[in-house]
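In case it helps, the UniProt record's numbering puts the sequence shown at residues 1 to 170.
Hints were generated in silico from the structure; no laboratory data involved.
Being a predicted model, the structure only gives us computed values, none of them experimental.
A couple of the hints might just be wrong.
Here are the simulated lysine to any residue pairs, SDA-like style, with alpha carbons at most 25 Å apart [claimed, not checked]: (1) 154 with 55; (2) 139 with 159; (3) 154 with 78; (4) 116 with 135; (5) 154 with 81; (6) 116 with 137; (7) 154 with 114; (8) 154 with 109; (9) 139 with 53; (10) 154 with 13; (11) 154 with 97; (12) 116 with 91; (13) 154 with 94; (14) 154 with 52; (15) 139 with 127; (16) 139 with 56; (17) 139 with 101; (18) 139 with 126; (19) 154 with 127; (20) 139 with 128; (21) 116 with 88; (22) 139 with 160; (23) 154 with 95; (24) 116 with 133; (25) 139 with 57; (26) 154 with 113.
Derived CB-CB ranges, DEER-like [said to hold, decoys possible]: (27) 101 with 139: 17 to 23 Å; (28) 128 with 157: 18 to 24 Å; (29) 49 with 133: 33 to 39 Å; (30) 61 with 17: 19 to 25 Å; (31) 56 with 161: 25 to 31 Å; (32) 93 with 49: 44 to 50 Å; (33) 64 with 101: 26 to 32 Å; (34) 88 with 59: 38 to 44 Å; (35) 60 with 23: 32 to 38 Å; (36) 95 with 27: 35 to 41 Å.
All C-beta atoms, glycine included, are put in the ideal place defined by N, C-alpha and C.
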Amino acid sequence: MTDDTETAAGFPPGWTLLDLEFGFARSFGPVGFRETADQQLELGFRCGDRHLNPLGICHGGAIAAFADYAALGAQYAVGLSRIVTPTVTLSIDFLHPVLAGQWVTARVEITGLTRKMCFTQMVARVENTPVMSARGIFKVSTRDELIGHPFYLKCAELWPSRVVDCEQEG
1 MTDDTETAAG FPPGWTLLDL EFGFARSFGP VGFRETADQQ LELGFRCGDR
51 HLNPLGICHG GAIAAFADYA ALGAQYAVGL SRIVTPTVTL SIDFLHPVLA
101 GQWVTARVEI TGLTRKMCFT QMVARVENTP VMSARGIFKV STRDELIGHP
151 FYLKCAELWP SRVVDCEQEG
């Protein structure tokens, strides 16, 4: 369960809670997001005690879980005319340790998009230091396949402009 004081105090100014209240996202978070001037979604999380390994640094599994959030960055980029999930493959390079209390951010770049697959790359940083790079492939479904699903509804609530964009696509 996510601690409310961490949620309120853990984000830098300008970040919004990515309130995914279902499944694993509930126990990993909180994860924040902000929309950038260049129309991208930036994701972030603060490394807390629950993310640490026995050495006191962020566990690779926690970094991998954050890398899997690339699906959300990809979802934002393609709009809501198609749904980008679940993960098909995820390849991660761990570049630098993340310490307790550090704020980790990442942007997702779509490197390819077909009717059935979305190809992404992501670099996570603590300040200016790259700490992880990842490449992911995510399944693409039509909006009609998942329109009532909680994931679709949450994305539509968080980013209503992306719904408008996809409705204009026809």
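Outcome of the hint check:
1. 154 with 55: Violated, because 36 Å separates the two Cα atoms, which is more than 25 Å.
2. 139 with 159: The given pair, whose Cα atoms are some 20 Å apart, holds under the 25 Å limit.
3. 154 with 78: holds, 16 Å
4. 116 with 135: holds, 17 Å
5. 154 with 81: Holds, at about 14 Å.
6. 116 with 137: Measuring from Cα to Cα gives roughly 10 Å; hence the hint holds.
7. 154 with 114: holds, 24 Å
8. 154 with 109: holds, 22 Å
9. 139 with 53: Violated, at about 31 Å.
10. 154 with 13: Holds, because 23 Å separates the two Cα atoms, which is no more than 25 Å.
11. 154 with 97: violated, 32 Å
12. 116 with 91: Distance of about 19 Å is within 25 Å: holds.
13. 154 with 94: Status violated; Cα separation ~30 Å.
14. 154 with 52: Violated, at about 29 Å.
15. 139 with 127: Status violated; Cα separation ~31 Å.
16. 139 with 56: violated, 35 Å
17. 139 with 101: Violated - the C-alpha atoms of residue 101 and residue 139 are around 33 Å apart, more than 25 Å.
18. 139 with 126: violated, 29 Å
19. 154 with 127: Measuring from Cα to Cα gives roughly 29 Å; hence the hint is violated.
20. 139 with 128: Cα-Cα ~31 Å, so violated.
21. 116 with 88: OK: residue 116 and residue 88 at ~11 Å, within 25 Å.
22. 139 with 160: holds, 22 Å
23. 154 with 95: violated, 32 Å
24. 116 with 133: Holds, at roughly 24 Å.
25. 139 with 57: Violated: residue 139 and residue 57 sit about 32 Å apart, past 25 Å.
26. 154 with 113: This hinted pair holds, its Cα atoms lying about 22 Å apart.
27. 101 with 139: 17 to 23 Å: Taking Cβ atoms as reference, residue 101 and residue 139 lie about 35 Å apart, which means the hint is violated.
28. 128 with 157: 18 to 24 Å: violated, 33 Å
29. 49 with 133: 33 to 39 Å: The hinted range 33 to 39 Å is violated for residue 49 and residue 133, with Cβ atoms some 25 Å apart.
30. 61 with 17: 19 to 25 Å: holds, 22 Å
31. 56 with 161: 25 to 31 Å: For residue 56 and residue 161 the Cβ distance comes to about 41 Å; the hint is violated.
32. 93 with 49: 44 to 50 Å: violated, 25 Å
33. 64 with 101: 26 to 32 Å: violated, 20 Å
34. 88 with 59: 38 to 44 Å: violated, 23 Å
35. 60 with 23: 32 to 38 Å: 21 Å Cβ-Cβ, so the 32 to 38 Å window is violated.
36. 95 with 27: 35 to 41 Å: For residue 27 against residue 95, whose Cβ atoms are near 25 Å apart, the range 35 to 41 Å is violated.
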